[in-house]
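Enquirer: Chain by chain, the residues:
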Amino acid sequence: MKVLVTGIAGNLGRLVAQRLLEAGHEVIGIDRRPWPDRPDAIRIFEADIRKRPAEDVFRTQRPDALVHMATVTHLTHQSQDRYRINLGGTQAVFEHCSTYGVQQALFIGRHTYYGASSDSPLYHTEAEPPMAIHSFPELSDLVAADLYAGSALWRFPNVDTAVLRLCYTLGPLKQGTLAAYLRGPRVPTVLGFDPLFQFLHERDAAAAIVTALSKRVRGVFNVTGPAPMPLSVLVHECGRVNLQLPEPIFRLSLGRFGLPALSPGAVGHIKYPVVTDGTLFRSATGFEHTYSEDETLRAFRDAGP
Amino acid sequence: MIPASLIPLPTHPEVKRRVEAIELPFSRHGVDPFGVDQNELARFFTLLRFFYYHYFTVNVFGVEHVPTRGRAMLVGNHSGGWAIDAVMVIASMFFELEPPRLAQGMAEKFLKKVPFLASFTNSIGQMTGLPQHSVRLLEDDRLLLVFPEGARGTAKLYHERDSLVGFGTGFARIALQTNTPIIPFAFIGGGEAIPTVVNLYGVGKRLGIPYLPVTPYGVAWPLPVSLQILYGAPIVLEGSATDTDEAIGLQVDRVKRTIADLIQQGRELRQGRRSASELKLA
Numbered sequence: 001m002k003v004l005v006t007g008i009a010g011n012l013g014r015l016v017a018q019r020l021l022e023a024g025h026e027v028i029g030i031d032r033r034p035w036p037d038r039p040d041a042i043r044i045f046e047a048d049i050r051k052r053p054a055e056d057v058f059r060t061q062r063p064d065a066l067v068h069m070a071t072v073t074h075l076t077h078q079s080q081d082r083y084r085i086n087l088g089g090t091q092a093v094f095e096h097c098s099t100y101g102v103q104q105a106l107f108i109g110r111h112t113y114y115g116a117s118s119d120s121p122l123y124h125t126e127a128e129p130p131m132a133i134h135s136f137p138e139l140s141d142l143v144a145a146d147l148y149a150g151s152a153l154w155r156f157p158n159v160d161t162a163v164l165r166l167c168y169t170l171g172p173l174k175q176g177t178l179a180a181y182l183r184g185p186r187v188p189t190v191l192g193f194d195p196l197f198q199f200l201h202e203r204d205a206a207a208a209i210v211t212a213l214s215k216r217v218r219g220v221f222n223v224t225g226p227a228p229m230p231l232s233v234l235v236h237e238c239g240r241v242n243l244q245l246p247e248p249i250f251r252l253s254l255g256r257f258g259l260p261a262l263s264p265g266a267v268g269h270i271k272y273p274v275v276t277d278g279t280l281f282r283s284a285t286g287f288e289h290t291y292s293e294d295e296t297l298r299a300f301r302d303a304g305p
Numbered sequence: 001m002i003p004a005s006l007i008p009l010p011t012h013p014e015v016k017r018r019v020e021a022i023e024l025p026f027s028r029h030g031v032d033p034f035g036v037d038q039n040e041l042a043r044f045f046t047l048l049r050f051f052y053y054h055y056f057t058v059n060v061f062g063v064e065h066v067p068t069r070g071r072a073m074l075v076g077n078h079s080g081g082w083a084i085d086a087v088m089v090i091a092s093m094f095f096e097l098e099p100p101r102l103a104q105g106m107a108e109k110f111l112k113k114v115p116f117l118a119s120f121t122n123s124i125g126q127m128t129g130l131p132q133h134s135v136r137l138l139e140d141d142r143l144l145l146v147f148p149e150g151a152r153g154t155a156k157l158y159h160e161r162d163s164l165v166g167f168g169t170g171f172a173r174i175a176l177q178t179n180t181p182i183i184p185f186a187f188i189g190g191g192e193a194i195p196t197v198v199n200l201y202g203v204g205k206r207l208g209i210p211y212l213p214v215t216p217y218g219v220a221w222p223l224p225v226s227l228q229i230l231y232g233a234p235i236v237l238e239g240s241a242t243d244t245d246e247a248i249g250l251q252v253d254r255v256k257r258t259i260a261d262l263i264q265q266g267r268e269l270r271q272g273r274r275s276a277s278e279l280k281l282a
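Protein chains in written order, with my numbering: chain A, 1 to 305; chain B, 1 to 282.
Since the hints were made in silico from the structure, they are not lab data. Since the structure is predicted, the reported quantities are computational estimates derived from the model, not experimental observations. Incorrect hints may appear among the rest.
[As the list claims (entries may be wrong)] Some chain A residues close to chain B (C-beta under 10 Å, calculated; not the full set):
{"no.": "1", "residue": "55"}
{"no.": "2", "residue": "138"}
{"no.": "3", "residue": "196"}
{"no.": "4", "residue": "226"}
{"no.": "5", "residue": "236"}
{"no.": "6", "residue": "293"}
[Claimed, not checked] Over the 10 Å line for every Cβ pair with chain A, so calculated as not near, a few chain B residues:
{"no.": "7", "residue": "67"}
{"no.": "8", "residue": "98"}
{"no.": "9", "residue": "113"}
{"no.": "10", "residue": "117"}
{"no.": "11", "residue": "119"}
{"no.": "12", "residue": "127"}
{"no.": "13", "residue": "151"}
{"no.": "14", "residue": "204"}
{"no.": "15", "residue": "238"}
{"no.": "16", "residue": "243"}
{"no.": "17", "residue": "277"}
Note that CB positions come from ideal geometry on N, CA and C, so glycine has one too.
Pulled out of the complex, with its shape left as it was, chain A reads as follows:
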């Protein structure tokens, strides 16, 4: 199968590309960023997914499947550009899929779209609407992109579409939302709150994406790994110091004193759990994670600075 990966030069994109290659697929990618030491078999088209050259990749390469990972998730990156890539880009690639005979499309989203608040349920199911628009407005373009991708299920019935809402990924690459939060020697938490956190080894995340492709699932799926663990345990197991700060001080110190910068909406995600129920995906694909929570944390901790 010929698989097109948008956002292939990202950390998870690279893992997915390598895994697809190992599984015997032909892999091509679109990204504005370079991937210098990539395997020779992987061809990359340097293009912006919203522009004509990207459409030309669909037209000339005729991929069988799309893995859409070209979303800007850095919340510190708050520009018009980000909105255009996340929403406009997603709209463009799904339209290209329908136009150019792509049979399968995967949208890679995040579990944080469900949002966190004091009265939200633990273990969100796919039936629940993503509430992050309300509790975490900075995520609204990504939530909209996720919902748009879901609408491809009825909009483009000729394309088998799956929306994967991945929980946090962690591992030796030390990249991603959770890794950035845990990067420093001291991790700030909100005093008196200890939410459950759910994470998956980055290799397992890549494996889940490849599995979704090979099983050709349709629909919206939460992708989860081991059972969630309290933030305090997570911080401790990473060998970090848990800096418990009263909420007003927590908010003031973000991005200062060597502590991570978080957007205001993210504070809810440090106080309340965002935990999803991944059983639907597991039963639809037979996916099982291979790294336990402890192995994942050890890999993250031992990967050096």
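Once you have looked at the hints, place chain B on chain A.
Expert: Chain B in isolation, oriented as in the chain A frame:
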């Protein structure tokens, strides 16, 4: 309630042993998939042990009606100005059953906004009061604790202490949906422990709680009285979760009548007009 984690209390060895005997899927870190924490439970029940055995005199009847495994819903009356009824029912399930069980209640939503109470209530298995949580816990074959009177139930004044206010119907639909037996129970004595004369709703609102109960001696600290908990025989509801409100209402009435009868028996027991051997719990 003070978070037990803030009290540097050595855990009681017997309590620790019982916590380890609770049949929940605890991880290597002593935490289950809902965030229930064995260390926190051990501290909590060490504290409760004093109140259960020494401070109050808790008499439990019919505990054999509670299944030691599998899903079940404890449904009873509120008694006392705040959660001492829930806390003592949780304690009775822990200290009286073999193996001990963790009764998991549906906590008031405001608790989850308060620092410490948020993490504390969660780590002892008391989740936000949401129907999704009830269903999920029951489908996981756990023991759910429900007070269908809700916050109106804890707001009963001293002279109303052994009455029942209106029941919500959500619990009956959830019991039908998940095929869960209901274990009715009556809690007697909470009104004597916390003899509320007035509830201050305005002050409560300012404090971020539903209301502030006031007793003749001011604060709502419970008095060391005797408490009775009577567990009745399991009730299996008839019908389906999608029945009309009217049909569900009949099932709710059946449970409510059973609880009212248990309360009546408990009162007579408390007043010495009935002996323990004369109780009819089945």
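Enquirer: Against each hint, give a clear statement of whether it holds in the structure.
Expert: Checked hints:
no., hint, verdict
1, 55, "43 Å, violated"
2, 138, "22 Å, violated"
3, 196, "5 Å, holds"
4, 226, "8 Å, holds"
5, 236, "9 Å, holds"
6, 293, "8 Å, holds"
7, 67, "24 Å, holds"
8, 98, "27 Å, holds"
9, 113, "5 Å, violated"
10, 117, "8 Å, violated"
11, 119, "4 Å, violated"
12, 127, "7 Å, violated"
13, 151, "15 Å, holds"
14, 204, "18 Å, holds"
15, 238, "28 Å, holds"
16, 243, "22 Å, holds"
17, 277, "44 Å, holds"
Of the numbered hints listed earlier, those contradicted by the structure are 1, 2, 9, 10, 11 and 12.
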